[in-house]
Amino acid sequence: MGERRSQYEIYWEILTFCKTGRSFTGIINRCDLNSKTGQEYLEFLVGKGYLAVTKEGEKTTYAATEKAAEYITLFSRLYQSVFDEIPGFKL
Amino acid sequence: MNKDIGKTFEDEFLSFFALYLMNLVFAALSMAIGMMIVILQVIPQPGTSPAGVPVIPFLLSLILGCAAFVLGLIWISVTAKLLKSVKVVRSAYKQKKKREMTSEDFTSMMVHMMTQYREQKKMIRAMVLICMLGGLCYVGLGALNIVQIISRIASGDAMQPVLITIFAAAINLTIGGASLLISTYFRRYAKVWDARLDALTISEGELDRMLERG
Numbered sequence: 001m002g003e004r005r006s007q008y009e010i011y012w013e014i015l016t017f018c019k020t021g022r023s024f025t026g027i028i029n030r031c032d033l034n035s036k037t038g039q040e041y042l043e044f045l046v047g048k049g050y051l052a053v054t055k056e057g058e059k060t061t062y063a064a065t066e067k068a069a070e071y072i073t074l075f076s077r078l079y080q081s082v083f084d085e086i087p088g089f090k091l
Numbered sequence: 001m002n003k004d005i006g007k008t009f010e011d012e013f014l015s016f017f018a019l020y021l022m023n024l025v026f027a028a029l030s031m032a033i034g035m036m037i038v039i040l041q042v043i044p045q046p047g048t049s050p051a052g053v054p055v056i057p058f059l060l061s062l063i064l065g066c067a068a069f070v071l072g073l074i075w076i077s078v079t080a081k082l083l084k085s086v087k088v089v090r091s092a093y094k095q096k097k098k099r100e101m102t103s104e105d106f107t108s109m110m111v112h113m114m115t116q117y118r119e120q121k122k123m124i125r126a127m128v129l130i131c132m133l134g135g136l137c138y139v140g141l142g143a144l145n146i147v148q149i150i151s152r153i154a155s156g157d158a159m160q161p162v163l164i165t166i167f168a169a170a171i172n173l174t175i176g177g178a179s180l181l182i183s184t185y186f187r188r189y190a191k192v193w194d195a196r197l198d199a200l201t202i203s204e205g206e207l208d209r210m211l212e213r214g
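Residue numbers (this note's numbering), protein chains in the order written: chain A, 1 to 91; chain B, 1 to 214.
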């Protein structure tokens, strides 16, 4: 797709998608990541406690923790304030 | 707050769309008229030129016409790419708008628009330049037309060729002016988004600190 997203935007996408438990494949497909970078992002978020890993047999799912909600809230607040403060383009 | 942001989105979409469509129309006009000018210079139409046309205006018209045609081609292809990308965001917004939009939906749209701008940044800078150069070609052609009008009136030419040249000058100057205006609008558009990107870069420090704290 070639979109230029920042790492913070990718973290936000992963965390909002993982509000309910999601598989690794589901996450990388939805967030348009390759498996290598997807693994790196997930490892970071799991390591920092933003994602919880659940293993049921061979199935591994990732779900956002309460800490993730704080990140999502801060992210939305910062983005909305940028759009609120800088007037949009008008003809 | 959501309603305000929704309104801001709608306004921005409408403005983007109008700008891109306007741009596409003028790109097509630029290409068509550029081609017409080249053809008229290479194959002069009977009765439209006085005998002994000065060489410099002829060459200048030919060069400017060629430049306008080539710029028109590049202009159309860049606009088509930009328009495709804007359509993707617009349809995503329409899809979300079908139901009550949540704060998350708005944030998602903002992220989408931000990444779209990062992706388009170089093309928009190119568009500012292309529109400006295209506009200058047409202003130049309009100026040449004015010189022709003056020389035709001074040499006591017939009224019909003078009127045709006045009409040509009006068309060239209108397209030139509109192209320069479009270039200004693209510059304004880039300014708004660059300011947003800069503001976000500052905000990212806060996100970084939160993530690092873990």
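Watch out, some of these pointers could steer you wrong.
[Claimed, not checked] Derived pair list, reagent style DSS-like, types lysine-lysine, alpha-carbon separation capped at 30 Å:
id	chain 1	residue 1	chain 2	residue 2
1	B	K87	B	K121
2	A	K67	A	K36
3	B	K84	B	K121
4	B	K87	A	K19
5	B	K94	B	K84
6	A	K36	B	K191
7	A	K67	B	K84
8	A	K67	A	K90
9	A	K19	B	K81
10	B	K97	B	K84
11	B	K84	B	K7
12	A	K90	B	K87
13	B	K121	B	K97
14	B	K122	A	K67
15	B	K81	B	K96
16	B	K98	A	K90
17	B	K122	B	K191
18	A	K19	B	K122
19	A	K90	B	K97
20	B	K97	B	K87
21	A	K90	B	K81
22	B	K191	B	K7
23	A	K19	A	K55
24	A	K19	B	K98
25	A	K90	B	K122
26	A	K19	B	K94
27	B	K84	B	K96
28	A	K55	B	K94
29	B	K122	A	K36
30	A	K67	B	K191
31	B	K121	B	K94
32	B	K98	B	K87
33	A	K36	B	K98
34	A	K90	B	K94
35	A	K55	A	K67
36	B	K84	B	K122
37	A	K90	B	K7
38	A	K19	B	K191
Calculated from the structure, these hints are not laboratory results.
Cross-check of the supplied hints:
Restraint check: the Cα-Cα separation between K87/B and K121/B comes to about 16 Å, which is no more than 30 Å; the hinted pair holds. For the proposed pair K67/A and K36/A, the alpha carbon gap of about 25 Å is at most 30 Å, so the pair holds. For the given pair, K84/B sits about 15 Å from K121/B by alpha-carbon distance, which is consistent with the 30 Å threshold. At most 30 Å may separate the alpha-carbon atoms for a hinted pair to count; K87/B and K19/A meet this at roughly 29 Å.
For the given pair, K94/B sits about 15 Å from K84/B by alpha-carbon distance, which is consistent with the 30 Å threshold. Distance check on the hinted pair: K36/A and K191/B sit about 36 Å apart at the alpha-carbon level, beyond 30 Å; violated. For the hint pairing K67/A with K84/B, the CA-to-CA distance comes to about 38 Å; that exceeds 30 Å, so the pair is violated. This hinted pair does not check out: K67/A and K90/A have alpha carbons roughly 38 Å apart, beyond 30 Å.
At roughly 35 Å between alpha-carbon atoms, K19/A and K81/B are farther apart than 30 Å, so this suggested pair is violated. For the hint linking K97/B to K84/B, the alpha-carbon distance of about 20 Å falls within 30 Å, and the restraint holds. The hinted pair formed by K84/B and K7/B meets the criterion: a straight-line CA distance of about 22 Å does not exceed 30 Å. Taking the CA atoms of K90/A and K87/B, the gap is about 18 Å. The hint holds against a cut of 30 Å.
Distance restraint check for K121/B and K97/B: the Cα-Cα separation of roughly 27 Å lies within the 30 Å cut-off, and the hinted pair is therefore satisfied. The suggested pairing of K122/B with K67/A is violated, with an alpha-carbon distance near 37 Å, which exceeds 30 Å. For the hint linking K81/B to K96/B, the alpha-carbon distance of about 24 Å falls within 30 Å, and the restraint holds. For the suggested pair K98/B and K90/A, the alpha carbons sit about 24 Å apart, so the restraint of at most 30 Å is met.
At roughly 13 Å between alpha-carbon atoms, K122/B and K191/B fall within 30 Å of each other, so this suggested pair holds. Between K19/A and K122/B the alpha-carbon distance is near 36 Å, which puts this suggested pair outside the 30 Å criterion. Distance restraint check for K90/A and K97/B: the Cα-Cα separation of roughly 21 Å lies within the 30 Å cut-off, and the hinted pair is therefore satisfied. For the proposed pair K97/B and K87/B, the alpha carbon gap of about 15 Å is at most 30 Å, so the pair holds.
Taking the CA atoms of K90/A and K81/B, the gap is about 21 Å. The hint holds against a cut of 30 Å. Pair hint K191/B plus K7/B holds up; C-alpha atoms about 20 Å apart against a cutoff of 30 Å. Annotation: proposed proximity of K19/A to K55/A holds, straight-line Cα distance about 17 Å (limit 30 Å). Of the pairs offered as hints, the one joining K19/A and K98/B holds, with about 22 Å between alpha carbons and a cut-off of 30 Å not exceeded.
For the hint linking K90/A to K122/B, the alpha-carbon distance of about 21 Å falls within 30 Å, and the restraint holds. For a cut-off of 30 Å, the pair hint linking K19/A to K94/B stands: about 24 Å separates their Cα positions. A distance of roughly 19 Å separates the Cα atoms of K84/B and K96/B; the hinted pair therefore holds under the 30 Å criterion. A threshold of 30 Å between alpha carbons decides the hint, and for K55/A with K94/B the separation of about 38 Å lies outside it, so the pair is violated.
Under the criterion of a C-alpha separation no larger than 30 Å, the hint pairing K122/B with K36/A is consistent with the structure, at around 28 Å. Between the alpha carbons of K67/A and K191/B the distance comes to roughly 35 Å, so the proposed pair goes past 30 Å and is violated. A hinted pair counts as satisfied when its Cα atoms are at most 30 Å apart, and K121/B with K94/B qualifies at roughly 24 Å. Annotation: proposed proximity of K98/B to K87/B holds, straight-line Cα distance about 17 Å (limit 30 Å).
For the proposed pair K36/A and K98/B, the alpha carbon gap of about 36 Å is over 30 Å, so the pair is violated. With a C-alpha separation of about 19 Å, the suggested pair K90/A and K94/B falls inside the 30 Å cut-off, and the hint holds. Annotation: proposed proximity of K55/A to K67/A holds, straight-line Cα distance about 20 Å (limit 30 Å). A C-alpha spacing of about 16 Å is found between K84/B and K122/B, which places the hinted pair at or below 30 Å, so the restraint holds.
Restraint check: the Cα-Cα separation between K90/A and K7/B comes to about 12 Å, which is no more than 30 Å; the hinted pair holds. For the suggested pair K19/A and K191/B, the alpha carbons sit about 36 Å apart, so the restraint of at most 30 Å is broken.
In terms of the numbered hints stated before, the structure departs from hints 6, 7, 8, 9, 14, 18, 28, 30, 33 and 38, listed from lowest to highest.
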